[in-house]
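Respectively, the protein sequence lines represent chains L, V and S. Using numbering that gives the first Met the number 0, the letters of the first sequence correspond one by one to residues 0 to 314. Using numbering that gives the first Met the number 0, the letters of the second sequence correspond one by one to residues 0 to 314. Using numbering that gives the first Met the number 0, the letters of the third sequence correspond one by one to residues 0 to 314.
For the record, the hints were derived by calculation from the structure and aren't laboratory data. Wrong hints could be hidden among the right ones.
Derived coverage of chain S by chain L (criterion: at least 3 residues anywhere in the stretch with Cβ under 8 Å from a Cβ of chain L; other residues may be distant) [unchecked claim]: (1) 43-55; (2) 71-80.
The list that follows gives simulated cross-link-like pairs (lysine-lysine, DSBU-like), each with its CA atoms no further than 35 Å apart [what the hints assert, rightly or not]: (3) LYS153/S <-> LYS95/V; (4) LYS95/V <-> LYS154/V; (5) LYS210/V <-> LYS95/L; (6) LYS210/S <-> LYS95/V; (7) LYS95/V <-> LYS95/L.
Incomplete in silico selection of chain V near chain S, CB under 10 Å [claimed, not checked]: (8) ILE49; (9) LEU101; (10) LYS201.
Quick caveat: nothing in here was measured; it's all calculated off a predicted structure. Each residue gets a CB set at the ideal place from its N, CA and C atoms; glycine is no exception.
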Amino acid sequence: MDNKFDGWPHIIKAQQFSREWIEKEFFPLTKNMEKISKNGLENRILFGKIMITFFYEPSTRTRFSFEMAMFHWGGQVCQTENAGEFSSAVKGETLKDTILVLNRLRPDVIVLRHHEEGSAALAASISSVPIINAGDGIGQHPTQALLDVYTIYKKFGTLDDISVAMVGDLMNGRTVRSLSYLLGKFKNIRIYFVSPSCARMKTDIKEYLEKHGVVISETNDLRLVANKVNVIYQTRTQKERGTNFDKNDHNLGYFVVDNSILDLMIKDAIIMHPLPRVDEINTEVDKDPRAIYLTDQVESGLHTRMALLKMILAP
Amino acid sequence: MDNKFDGWPHIIKAQQFSREWIEKEFFPLTKNMEKISKNGLENRILFGKIMITFFYEPSTRTRFSFEMAMFHWGGQVCQTENAGEFSSAVKGETLKDTILVLNRLRPDVIVLRHHEEGSAALAASISSVPIINAGDGIGQHPTQALLDVYTIYKKFGTLDDISVAMVGDLMNGRTVRSLSYLLGKFKNIRIYFVSPSCARMKTDIKEYLEKHGVVISETNDLRLVANKVNVIYQTRTQKERGTNFDKNDHNLGYFVVDNSILDLMIKDAIIMHPLPRVDEINTEVDKDPRAIYLTDQVESGLHTRMALLKMILAP
Amino acid sequence: MDNKFDGWPHIIKAQQFSREWIEKEFFPLTKNMEKISKNGLENRILFGKIMITFFYEPSTRTRFSFEMAMFHWGGQVCQTENAGEFSSAVKGETLKDTILVLNRLRPDVIVLRHHEEGSAALAASISSVPIINAGDGIGQHPTQALLDVYTIYKKFGTLDDISVAMVGDLMNGRTVRSLSYLLGKFKNIRIYFVSPSCARMKTDIKEYLEKHGVVISETNDLRLVANKVNVIYQTRTQKERGTNFDKNDHNLGYFVVDNSILDLMIKDAIIMHPLPRVDEINTEVDKDPRAIYLTDQVESGLHTRMALLKMILAP
């Protein structure tokens with residue numbers, strides 16, 4: 000099968016990935032990452048390759064996940080952690096000029112984080128070096144979407160017949176939107192949107208899901224659906240993007256994952272979170288084996304990025 | 000020939016470089032960089048070597064150019080991108096102490112960016128590790144000067160008999176000063192300084208050039224000289240150093256490179272810019288083959304730094 | 000001998016290290032670092048290993064010392080120099096969550112700098128990856144303590160029978176506290192605390208030293224003890240922690256190391272300083288062979304960290 004899907008080798012948005020590619024290419028290769036004992040010389044398949052991580056806004060976790068993936072393969076990293084403040088961006092340079100300049104420094108891949116929606120697509124349109132979108136404002140964060148579906152697949156062996164409760168700030172959360180796009184490609188999906196009325200999932204996603212046969216429903220009380228789902232996907236309130244509500248104001252509803260929610264959940268379920276977690280998951284939950292946001296989900300992120308780097312740089 | 004010119008192995012100022020060294024050592028080696036296919040193990044001649052990039056003020060492009068050069072040779076980089084804010088500089092340490100400390104961490108080369116003129120020379124005077132000046136305030140940026148002359152040489156095969164229009168903020172632009180120093184070493188050079196009266200090239204450079212037989216003239220209208228030059232060297236207004244003028248105020252003159260300038264230029268000319276570009280070159284110009292500021296000139300920077308690192312660390 | 004002392008392989012506080020481990024394990028291995036010619040392939044014992052340096056507050060010198068140690072061994076570094084400003088810390092994430100996440104990115108060691116006392120111990124309590132404390136607020140900086148005792152040992156061949164004057168801001172200086180802990184493990188130690196009354200060494204350390212048979216005395220005049228000591232350990236006033244006094248106000252005492260102090264000192268003594276130095280050592284002193292703060296002491300830091308990394312990652 001040809002994995003040169005639309006846009007390849009750039010990775011820009013969740014909509015790029017077909018179900019076929021996800022199941023036949025992405026899942027098997029990522030699964031393989033788990034078996035690879037790191038640091039063996041035989042694994043240094045990207046020895047001599049160079050990644051530029053160019054971040055216009057802070058995201059240490061995402062940056063580290065990409066850079067550690069590169070280091071585990073034996074590659075090198077040239078990085079800036081706040082291009083918006085430090086680089087010639089402050090002198091007025093456009094993203095387009097910056098991307099063209101970075102191209103001529105001859106990196107093998109550029110991982111880009113930018114505050115404006117569409118910036119990664121713009122970069123890809125002029126770059127001869129593969130661009131990986133590590134988040135473009137309220138736009139996309141496609142490798143997060145891939146690691147999320149991989150995390151579910153790794154647990155259940157399939158993405159069909161899965162029920163998911165997406166909880167919290169669904170209006171401004173980028174990850175729930177991308178995850179919805181990908182889940183729409185699978186069968187017998189049921190999604191419960193759990194949010195206060197001030198932070199509902201936007202209409203475009205709901206229409207997309209309905210068009211793709213996903214059964215969706217909305218509620219403001221996580222307790223009503225916690226016993227029905229395989230996955231609780233909790234999210235942080237995006238205060239920096241304007242949402243704000245008191246999670247503990249039970250006039251608004253019930254949105255916090257705590258021991259009482261654990262009691263309702265089915266035994267085989269999982270609790271996910273794109274991190275950072277603030278107070279929307281009580282720390283009392285952390286030691287429950289279903290809580291995988293700080294463990295398996297993070298490691299899936301590393302494996303996802305290792306797999307993508309291998310596909311792009313050493314296919 | 001001995002390339003241990005004045006100050007070697009430190010690289011501090013454009014005046015260090017003789018015409019002989021530039022033509023017999025620097026140009027051939029840098030030209031050779033173009034042929035080297037990167038990532039081959041046989042090219043990892045700096046494997047095990049370590050560069051410190053110590054930047055007191057932001058300059059992501061320059062830092063990346065040095066670091067990418069080091070990575071292409073297989074070396075390592077230990078870096079800070081804002082030493083002025085983050086390091087013990089804020090606790091009151093002098094540059095001299097900092098350089099002595101860095102020496103004892105046993106790097107192979109230190110690339111220094113500092114806001115004060117003369118800081119690189121001070122560092123070199125006490126450092127047993129080679130210092131490369133990556134810009135010292137209103138002082139020098141010698142590797143920029145080298146990459147600029149190399150870019151011209153690469154295009155025309157010589158630096159003799161070249162006519163250059165230097166345009167914009169010539170008073171505070173560091174690059175046009177250094178480039179003037181180097182051009183003064185060649186024959187039959189003609190330089191047109193194109194600037195508003197508030198941003199004229201300073202007297203010291205004009206006197207130096209006249210002493211070295213360079214024909215210079217001044218104008219405030221790029222249209223008058225665009226058809227006479229091999230090189231238009233456009234610059235950004237250094238607002239952070241106090242210059243400011245409205246480029247589009249035609250009472251001051253004509254300084255913007257746009258399609259009307261392209262129409263005047265001779266076919267074989269080139270347009271250069273040290274970057275970042277703001278609005279002094281209209282983006283409509285970018286696709287013209289003579290516009291090499293975002294392409295060949297950037298790549299010449301990479302090759303220049305690769306060549307210098309080889310000369311210093313693996314001669 | 001088993002070097003898996005209390006807490007190993009985490010390095011959290013000076014109290015961890017026994018006299019036996021310091022003398023039989025740490026000193027010989029660190030001494031060996033001096034002999035190792037760097038960059039030989041045979042020394043790349045950490046090739047393929049990855050260090051994360053996670054710094055919540057700026058400390059370029061400490062960070063560079065660790066990273067250069069890692070590079071000299073052939074390892075890789077994934078770093079942030081201001082996690083407090085840039086990372087998800089600003090979004091409200093706890094240190095505990097951050098450490099768990101970093102663990103799943105599979106580094107080989109995490110070097111942590113954090114502003115809160117006890118943070119390194121907290122990190123170590125949950126991390127399956129070795130944590131090295133690179134300073135936790137007013138708490139500890141154990142590798143500084145180790146490099147300090149190693150510097151003394153390297154000069155005198157022993158730590159017994161040593162007299163030390165600790166000078167300056169003893170109240171808020173972290174390094175004099177840690178050094179006191181380690182000196183308390185040796186015999187016939189004499190410590191002179193030299194400070195103004197507003198910056199005296201705290202009682203807990205004085206009680207600890209007395210319990211361990213160290214002879215201590217306090218004065219506000221360095222001239223009275225300069226001729227009695229093997230080591231003058233000068234410190235910077237920790238203005239950022241609230242201490243402030245005019246070093247040149249001789250109503251408070253005499254605390255500055257200058258030529259007049261050099262005249263009093265015995266020939267074989269040394270002057271140390273944890274750096275950065277501001278004005279508490281006059282630069283006229285720098286060229287005296289007894290002044291080793293910018294030279295041998297810094298290099299001891301590199302060797303100490305190289306030795307610790309070898310012990311932890313390639314024992």
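Hint check results:
1. 43-55: holds (count 4)
2. 71-80: holds (count 4)
3. LYS153/S <-> LYS95/V: holds, 25 Å
4. LYS95/V <-> LYS154/V: violated, 41 Å
5. LYS210/V <-> LYS95/L: Violated: LYS210/V and LYS95/L sit about 42 Å apart, past 35 Å.
6. LYS210/S <-> LYS95/V: violated, 42 Å
7. LYS95/V <-> LYS95/L: Violated - the C-alpha atoms of LYS95/L and LYS95/V are around 39 Å apart, more than 35 Å.
8. ILE49: OK, holds: ILE49/V within 10 Å of chain S, min 5 Å.
9. LEU101: At about 7 Å, which falls below the 10 Å cut-off, the nearest Cβ of chain S leaves the hint on LEU101/V intact, so it holds.
10. LYS201: With Cβ-Cβ at 34 Å, over 10 Å, it is violated.
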